[in-house]
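Asker: Each chain, letter by letter, is given below.
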Amino acid sequence: MTKFLTPATKMGLSISIATGLYGISFGALSIAAGLNLWQTVALSALMFTGGSQFAFIGVISGGGAGSAAFSAASLLGVRNAVYGMQIKQSLRPQGRQVPWMAQLTIDESTAVSLGQAHMDEKRRGFITAGTGIYILWNLFTVLGALLGEQMGDPAVWGLDGAAVAAFIGLLWPRLKSVQPVMIALAAAVLTALAVPVSAPGMPILITAVCAAIFAVFTSGKVPNATEHGRLRSVEQEPGQEEQ
Amino acid sequence: MSELSWWVLAACLSAYAIKLCGYFVPRKVLDSPIMSHVASTLTVALLASLVTVNAFTSGQELVIDARVGALGAAIIALVFKAPYLVVVLVGALAAILLRATGLAA
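Those protein sequences? They're chains R and B, same order as listed.
Counting in my numbering, the first sequence runs from 1 upward without gaps.
Counting in my numbering, the second sequence runs from 1 upward without gaps.
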């Protein structure tokens, strides 16, 4: 216990509190979207990946079918597979640790772990952030869901406005350079165009498929640029490459 | 169990399976930048799409109502680096105020 409060565990605990608390908004919004208490609790305990959980209830609140909600949530969870690969590479877990470590593999636990310099600290950061968020996120989800059940009509309490704010709040930290901003704007326009001509829930999936195809085509350029040792050319516009 | 409950369980299983997948991917795939590029692009596009659907649509119609004000207020809060929970509350408050004052539906 002498080494309990290391820099990594402190970071893990603070991110646990910051992230865990907004489980309350997930709980309330899930009830407002039309899910019941047990469906809401199941999403936080079993799915346990905020973006996908919000996507699931976002599709349902927009009138989409369960199948569309399933697809949107699964697609948004794909990044967790990438995190799993990174955690496997840096922490080298034993086989019997993989089942529970996989469940704790989310944005925050991966970020805290990758931010540390030494193996012990990486491990402590991952476990502290992962378990801390798991406990708080689930407690506050239940609290939010119980509050949501008392609230009645969601629009009266501005919960539809809160949902919009919740999504832009998740998107915002990712808009740090020109390319993600362009992708976000293109996705918004494509979604708006698809809304009148497709069933509720479908515009999100159409956008996701287009984004994935776009990403596969544009990522083909990345290995070429690095293969010739000119890492900087990755950052440049195609027309500006050195000859 | 209702149909929605089955979809909830299916989505939970799928999310766990995806997480687990990462731990069984060989290093060769890990070294390719394609996977991380696709995942990050997909995440931004999906979140932008969810913002659009929740702010501007009602069923299959595009509408402008109090939720657009909530979006604007949330963006202002984000520009001023407000914590996530404050951003969500600002969105709710903006929608309540716009409806209470009759400025938006």
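Treat the hints with caution; some may be incorrect.
Derived DSS-like pairs (lysine-lysine); straight-line CA-CA distance at most 25 Å [stated by the list, open to error]:
hint : chain 1 : residue 1 : chain 2 : residue 2
1    : R       : Lys122    : R       : Lys10
2    : R       : Lys176    : B       : Lys81
3    : R       : Lys10     : R       : Lys88
4    : R       : Lys122    : R       : Lys88
5    : B       : Lys81     : R       : Lys88
Everything labelled a hint here was simulated from the structure, so no lab data went into it.
Asker: Run every hint past the structure and note whether it holds.
Answerer: Hint-by-hint comparison with the structure:
A hinted pair counts as satisfied when its Cα atoms are at most 25 Å apart, and R/Lys122 with R/Lys10 qualifies at roughly 12 Å. Under the criterion of a C-alpha separation no larger than 25 Å, the hint pairing R/Lys176 with B/Lys81 is consistent with the structure, at around 13 Å. Distance restraint check for R/Lys10 and R/Lys88: the Cα-Cα separation of roughly 23 Å lies within the 25 Å cut-off, and the hinted pair is therefore satisfied. Using a Cα cut-off of 25 Å, the hinted pair R/Lys122 and R/Lys88 holds, with the two alpha carbons roughly 12 Å apart.
As the CA atoms of B/Lys81 and R/Lys88 are separated by approximately 33 Å, the hinted pair breaks the 25 Å bound.
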